[in-house]
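Quick mapping for you: the protein sequence lines, in order, are chains A and B. Going by the working numbering, the first residue of the first sequence is number 1, and it counts up by one from there. Going by the working numbering, the first residue of the second sequence is number 1, and it counts up by one from there.
Honestly, the hints are just simulated from the structure, not real lab data. Hints may contain errors.
[Unchecked claim] Listed below are the simulated SDA-like cross-link pairs for lysine to any residue, each with C-alpha atoms no more than 20 Å apart in a straight line:
(1) A/Lys479 - A/Thr444
(2) A/Lys230 - A/Cys208
(3) A/Lys230 - A/Thr444
(4) A/Lys17 - B/Asp20
(5) A/Lys17 - B/Ala22
(6) A/Lys247 - A/Cys208
(7) A/Lys247 - B/Gly57
(8) A/Lys247 - A/Asp68
(9) A/Lys17 - B/Asp88
(10) A/Lys17 - B/Thr56
(11) A/Lys407 - A/Glu389
(12) A/Lys17 - B/Pro55
(13) A/Lys247 - B/Arg27
(14) A/Lys17 - B/Glu144
(15) A/Lys17 - B/Gly11
(16) A/Lys17 - B/Met85
(17) A/Lys247 - A/Ile63
(18) A/Lys184 - B/Thr56
(19) A/Lys247 - A/Asp302
(20) A/Lys17 - B/Arg23
(21) A/Lys184 - A/Lys247
(22) A/Lys328 - B/Met85
(23) A/Lys17 - B/His18
(24) A/Lys407 - A/Thr418
(25) A/Lys184 - A/Met1
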Amino acid sequence: MTSLWPRIEPLLAQVTKPARYIGGELGARRPSHGPERVAWLLLYPDTYEIGLPNQGLQILYEILNERDDAVAERAYAPWTDMEAAMRAASVPLFSLEGSTAAGEFDVLAFNLSAELTYTNVLNMIDLAGVPVRGDQRDPSHPVVVAGGHCAFNPEPLADFVDAFVLGDGEEAVGDLTEVIGVWKRSGGARHDLLRSLAGVPGVYVPSCYEAHFDGGRLTGVTPRYAGVPKRVEKRTIADLGEWPYPKQQLVPLIEVVHDRLNVEVFRGCTRGCRFCQAGMITRPVRERPAEQVDQMVRDGLDRTGYDEVTLTSLSSADFSGIGEVVSKVINDPECSGQVSVSLPSLRVDAFTVGLAAEIQKVRRTGLTFAPEGGTWRMRQVINKLIREEDLYAAVDAAFSQGWRRVKLYFLIGLPTETDEDVLGITRLAGACADIGRRYHPNVTVTASVGGFVPKAHTPFQWFGQNTMEELRRKVGLLKDAARGTRGLTLRWHDPEATAVEGLVSRGDRRMGAVIEHVWRRGGTFQEWSEHFDLDLWTTGLEAAGLDFDDTVYRHRAEDEVLAWDHVSAGLHRDFLWQDFQEALAEHGLEDCRWTPCYDCGACTGLGVEHMVASAVPPAGGSQGTGQDLASGGTVPVRFLERAGSLSAAGGTREGVR
Amino acid sequence: MRIRARFTKLGRVRWTSHRDVARMWERALRRGRVPVAYTEGFTPRPQLSFGLALPTGCESVAEYLDIALDSALEPADLAREVGSMLPDGVDVVAAGVLEPGTNSLQEDVSSCLWEIHVPRVAPEDLDVAIERALDAPTLPIRRERKGRDVVDDLRPSVLALSCAGPDAGGALLRAELGTRPRGVRPSELAQALGVELGLARRTCQWIERDGSRWEPLMVDPSGITVPWERAS
Numbered sequence: 001m002t003s004l005w006p007r008i009e010p011l012l013a014q015v016t017k018p019a020r021y022i023g024g025e026l027g028a029r030r031p032s033h034g035p036e037r038v039a040w041l042l043l044y045p046d047t048y049e050i051g052l053p054n055q056g057l058q059i060l061y062e063i064l065n066e067r068d069d070a071v072a073e074r075a076y077a078p079w080t081d082m083e084a085a086m087r088a089a090s091v092p093l094f095s096l097e098g099s100t101a102a103g104e105f106d107v108l109a110f111n112l113s114a115e116l117t118y119t120n121v122l123n124m125i126d127l128a129g130v131p132v133r134g135d136q137r138d139p140s141h142p143v144v145v146a147g148g149h150c151a152f153n154p155e156p157l158a159d160f161v162d163a164f165v166l167g168d169g170e171e172a173v174g175d176l177t178e179v180i181g182v183w184k185r186s187g188g189a190r191h192d193l194l195r196s197l198a199g200v201p202g203v204y205v206p207s208c209y210e211a212h213f214d215g216g217r218l219t220g221v222t223p224r225y226a227g228v229p230k231r232v233e234k235r236t237i238a239d240l241g242e243w244p245y246p247k248q249q250l251v252p253l254i255e256v257v258h259d260r261l262n263v264e265v266f267r268g269c270t271r272g273c274r275f276c277q278a279g280m281i282t283r284p285v286r287e288r289p290a291e292q293v294d295q296m297v298r299d300g301l302d303r304t305g306y307d308e309v310t311l312t313s314l315s316s317a318d319f320s321g322i323g324e325v326v327s328k329v330i331n332d333p334e335c336s337g338q339v340s341v342s343l344p345s346l347r348v349d350a351f352t353v354g355l356a357a358e359i360q361k362v363r364r365t366g367l368t369f370a371p372e373g374g375t376w377r378m379r380q381v382i383n384k385l386i387r388e389e390d391l392y393a394a395v396d397a398a399f400s401q402g403w404r405r406v407k408l409y410f411l412i413g414l415p416t417e418t419d420e421d422v423l424g425i426t427r428l429a430g431a432c433a434d435i436g437r438r439y440h441p442n443v444t445v446t447a448s449v450g451g452f453v454p455k456a457h458t459p460f461q462w463f464g465q466n467t468m469e470e471l472r473r474k475v476g477l478l479k480d481a482a483r484g485t486r487g488l489t490l491r492w493h494d495p496e497a498t499a500v501e502g503l504v505s506r507g508d509r510r511m512g513a514v515i516e517h518v519w520r521r522g523g524t525f526q527e528w529s530e531h532f533d534l535d536l537w538t539t540g541l542e543a544a545g546l547d548f549d550d551t552v553y554r555h556r557a558e559d560e561v562l563a564w565d566h567v568s569a570g571l572h573r574d575f576l577w578q579d580f581q582e583a584l585a586e587h588g589l590e591d592c593r594w595t596p597c598y599d600c601g602a603c604t605g606l607g608v609e610h611m612v613a614s615a616v617p618p619a620g621g622s623q624g625t626g627q628d629l630a631s632g633g634t635v636p637v638r639f640l641e642r643a644g645s646l647s648a649a650g651g652t653r654e655g656v657r
Numbered sequence: 001m002r003i004r005a006r007f008t009k010l011g012r013v014r015w016t017s018h019r020d021v022a023r024m025w026e027r028a029l030r031r032g033r034v035p036v037a038y039t040e041g042f043t044p045r046p047q048l049s050f051g052l053a054l055p056t057g058c059e060s061v062a063e064y065l066d067i068a069l070d071s072a073l074e075p076a077d078l079a080r081e082v083g084s085m086l087p088d089g090v091d092v093v094a095a096g097v098l099e100p101g102t103n104s105l106q107e108d109v110s111s112c113l114w115e116i117h118v119p120r121v122a123p124e125d126l127d128v129a130i131e132r133a134l135d136a137p138t139l140p141i142r143r144e145r146k147g148r149d150v151v152d153d154l155r156p157s158v159l160a161l162s163c164a165g166p167d168a169g170g171a172l173l174r175a176e177l178g179t180r181p182r183g184v185r186p187s188e189l190a191q192a193l194g195v196e197l198g199l200a201r202r203t204c205q206w207i208e209r210d211g212s213r214w215e216p217l218m219v220d221p222s223g224i225t226v227p228w229e230r231a232s
């Protein structure tokens with residue numbers, strides 16, 4: 001492994017933010033390569049500032065580097081100026097730790113967190129000097145693998161990625177290391193490696209499957225070989241407490257997003273918001289023991305020198321005993337009142353605001369809530385059961401306790417949505433601003449509006465996405481309504497980018513040609529508005545004989561084959577369909593952590609349970625609504641304090657307000 | 001109590017910005033549990049005061065920082081505790097207690113010494129360029145400011161220039177650049193001289209007072225050992 005640094009450094013004077021390319025973070029390892037070790041290059045297909053904080057990548061970085069048979073380094077997508085300088089000087093993609101050429105690694109492993117980064121995946125493979133199409137690689141090339149949430153519809157990248165890992169990566173990277181190590185020593189053909197990888201649980205190798213089409217419609221994706229599973233089930237770690245990673249979170253030399261200590265308090269979510277792919281594909285809920293959270297926070301602050309910690313999860317206020325964990329940090333004399341705690345995805349209720357008031361003693365800037373829908377009807381459809389009075393109480397509590405800025409997240413283009421639902425957004429946000437003015441003459445409420453993109457493995461996976469014209473019209477309605485509303489700021493996501501995200505998120509294997517078309521014409525960094533280019537996507541679609549109408553805007557039929565049917569997040573297809581029907585009928589569904597099981601499949605199919613520390617739902621009830629939860633049934637919940645007992649306590653549970 | 005520390009910025013870390021260095025220090029001081037004084041108010045900030053910004057990409061063996069403390073601390077202890085917490089290439093080389101009423105670095109520092117590698121030039125040719133620059137009544141350079149082209153005269157800030165001989169396929173330029181009316185960057189000097197800019201290193205900051213020159217922190221220069229080779 002030779003260092004390219006002498007060739008890299010002269011380029012740095014020519015580019016913006018040169019420190020993106022120097023590594024040197026606290027926590028970065030000095031790589032020790034050797035023939036007995038499988039060399040992984042972990043890649044994030046976006047800029048350093050976006051990619052560095054990614055916790056999934058950091059977790060795998062540590063786990064791999066702790067192994068005797070593996071070594072891992074990192075690389076992020078070079079910005080366009082650096083890419084141009086690298087190509088002009090014939091400098092390939094390189095690792096940050098050892099400045100080693102990417103092509104010298106055994107594995108190029110991508111984190112897929114957003115669909116619009118896919119052209120960057122191709123660009124990074126190309127910058128590594130590796131053929132972008134899997135079928136053109138030979139045994140001298142690294143094997144290209146990918147994981148992360150977007151891997152749950154792997155088909156758009158099937159031509160370019162050799163193997164996808166579905167679900168939690170903690171254990172899977174070890175299995176992959178062993179298989180690749182054995183193959184490396186055997187000197188076998190590339191095909192042998194791919195066949196072996198296809199036998200690893202949770203690993204999908206697209207070249208071992210054939211996609212069948214009939215008249216422009218996908219009819220199935222089936223194994224080409226015996227012994228290759230028909231349907232690949234995701235990997236799930238049963239106990240988050242066994243994986244206290246990252247132990248040495250990377251502290252970058254330059255400012256990045258989420259630039260603070262991150263401690264994951266639980267994985268999975270059962271609130272059941274029907275638009276939310278993350279909540280569906282990461283089930284069941286697995287909480288980290290509170291003492292471990294406390295320890296990780298303490299050690300992390302000590303080690304890093306950060307003065308802010310985020311307790312991460314999909315809904316951190318739901319963590320059992322969140323109050324205790326938070327007050328321990330806040331009242332720790334060693335932190336001497338200088339440490340602030342932040343909770344992403346705040347639940348909408350007064351309890352949460354009380355919590356926020358306690359933790360943001362130091363810096364009380366803004367609070368964010370996500371009602372997502374503008375009317376109660378809409379929120380029942382999406383199963384985000386926040387009543388108007390819950391939101392107003394939360395906002396009232398926030399403004400009365402000194403906050404001046406409140407941000408509200410909404411979606412437009414949801415199933416069954418009417419103009420009345422859309423206008424509910426500005427009405428609701430305007431009412432929040434009115435509440436704020438009772439406490440302070442100058443408050444701002446920002447309504448941030450995104451276009452809804454249906455995602456794989458969710459109840460809305462069959463839903464035809466709103467056209468970009470329709471989304472534009474709805475944004476127009478909101479702009480008009482917001483104009484006369486005092487204290488309200490409206491922000492919206494570009495409907496064109498939303499349409500393209502839809503193209504990729506539910507696309508089948510044919511979408512690969514479109515992604516390649518866009519990339520070959522320079523379409524990188526498509527999630528950056530200054531680089532996004534709709535024309536490239538439109539011409540790519542035309543060239544592939546596809547269009548937005550059929551791939552994005554069309555409602556799927558119940559029995560239609562979906563591009564991701566052969567990979568599984570553990571969820572039963574009929575559960576998802578049933579839940580879609582419930583949505584259309586405007587029926588909400590309570591959180592199954594504290595109510596009977598709906599048999600979504602995630603627990604039973606995977607042989608694990610929800611693991612929560614408390615038998616009672618958080619204050620405010622299972623959805624923060626104080627609904628009557630007094631319905632009986634069997635709950636697949638294991639309580640942490642009674643370790644080992646597979647409690648499935650039947651009988652009555654009570655909601656606590 | 002205020003402590004002034006002198007530190008280096010050498011090797012790869014030179015590609016970080018002045019602001020990045022400030023953040024490195026904040027974290028290192030917290031990790032070292034140094035009793036830094038915080039500002040009052042809604043968003044308390046540690047009371048640190050850095051001197052002249054070092055342009056991104058330049059090295060330095062003479063960076064300074066003033067730290068306000070809540071309780072007394074031996075400067076040597078601070079240097080030791082925090083030094084090990086800073087990234088490679090950032091080393092504390094000296095620290096001392098500031099007399100009450102000492103001016104800030106921004107107010108006091110009047111000029112900086114630089115050693116600048118000029119690639120692909122013979123020392124004789126650099127000598128010619130230096131002579132021409134020093135003889136010129138003005139040294140105009142064009143730069144963009146707020147989207148508009150402006151012309152600045154560097155001459156008043158160019159206090160001394162000399163060629164120190166050949167240096168790795170080029171020549172070594174020594175410069176003393178004043179901080180008023182405004183600080184001159186090595187890249188601007190190179191532009192004015194019509195030469196390429198290689199690695200530039202700040203070697204000294206001077207305070208001019210009553211006709212004599214002082215370093216911001218009196219230290220034994222033999223205590224600072226810095227190899228010319230890059231740390232990376």
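Comparing the hints with the structure gives:
Distance restraint check for lysine 479 of chain A and threonine 444 of chain A: the Cα-Cα separation of roughly 16 Å lies within the 20 Å cut-off, and the hinted pair is therefore satisfied. A C-alpha spacing of about 10 Å is found between lysine 230 of chain A and cysteine 208 of chain A, which places the hinted pair at or below 20 Å, so the restraint holds. For the hint pairing lysine 230 of chain A with threonine 444 of chain A, the CA-to-CA distance comes to about 53 Å; that exceeds 20 Å, so the pair is violated. With a C-alpha separation of about 11 Å, the suggested pair lysine 17 of chain A and aspartate 20 of chain B falls inside the 20 Å cut-off, and the hint holds.
With a C-alpha separation of about 16 Å, the suggested pairing of lysine 17 of chain A with alanine 22 of chain B holds against the 20 Å cut-off. Restraint check for lysine 247 of chain A and cysteine 208 of chain A: the C-alpha separation of about 37 Å exceeds 20 Å, so the hint is violated. Straight-line distance between C-alpha atoms of lysine 247 of chain A and glycine 57 of chain B comes to about 32 Å, which puts the hinted pair past the 20 Å bound. A threshold of 20 Å between alpha carbons decides the hint, and for lysine 247 of chain A with aspartate 68 of chain A the separation of about 18 Å falls inside it, so the pair holds.
Of the supplied pair hints, the one linking lysine 17 of chain A and aspartate 88 of chain B holds, its CA atoms being roughly 19 Å apart against a limit of 20 Å. With a C-alpha separation of about 9 Å, the suggested pair lysine 17 of chain A and threonine 56 of chain B falls inside the 20 Å cut-off, and the hint holds. Distance restraint check for lysine 407 of chain A and glutamate 389 of chain A: the Cα-Cα separation of roughly 17 Å lies within the 20 Å cut-off, and the hinted pair is therefore satisfied. This hinted pair checks out: lysine 17 of chain A and proline 55 of chain B have alpha carbons roughly 12 Å apart, not beyond 20 Å.
Note on lysine 247 of chain A and arginine 27 of chain B: the hinted pairing holds, with a Cα-Cα distance of about 18 Å set against a maximum of 20 Å. Between lysine 17 of chain A and glutamate 144 of chain B the CA atoms are separated by roughly 19 Å; this keeps the pair inside 20 Å, and the hint holds. For the suggested pair lysine 17 of chain A and glycine 11 of chain B, the alpha carbons sit about 16 Å apart, so the restraint of at most 20 Å is met. Restraint check: the Cα-Cα separation between lysine 17 of chain A and methionine 85 of chain B comes to about 23 Å, which exceeds 20 Å; the hinted pair is violated.
With a C-alpha separation of about 10 Å, the suggested pair lysine 247 of chain A and isoleucine 63 of chain A falls inside the 20 Å cut-off, and the hint holds. With a C-alpha separation of about 43 Å, the suggested pairing of lysine 184 of chain A with threonine 56 of chain B is violated against the 20 Å cut-off. For the hint pairing lysine 247 of chain A with aspartate 302 of chain A, the CA-to-CA distance comes to about 12 Å; that is within 20 Å, so the pair holds. A hinted pair counts as satisfied when its Cα atoms are at most 20 Å apart, and lysine 17 of chain A with arginine 23 of chain B qualifies at roughly 16 Å.
Distance restraint check for lysine 184 of chain A and lysine 247 of chain A: the Cα-Cα separation of roughly 30 Å exceeds the 20 Å cut-off, and the hinted pair is therefore not satisfied. Restraint check: the Cα-Cα separation between lysine 328 of chain A and methionine 85 of chain B comes to about 26 Å, which exceeds 20 Å; the hinted pair is violated. Of the pairs offered as hints, the one joining lysine 17 of chain A and histidine 18 of chain B holds, with about 12 Å between alpha carbons and a cut-off of 20 Å not exceeded. The hinted pair formed by lysine 407 of chain A and threonine 418 of chain A fails the criterion: a straight-line CA distance of about 23 Å is larger than 20 Å.
Of the supplied pair hints, the one linking lysine 184 of chain A and methionine 1 of chain A holds, its CA atoms being roughly 17 Å apart against a limit of 20 Å.
When the structure is compared with the earlier hints, violations turn up for hints 3, 6, 7, 16, 18, 21, 22 and 24 and for no others.
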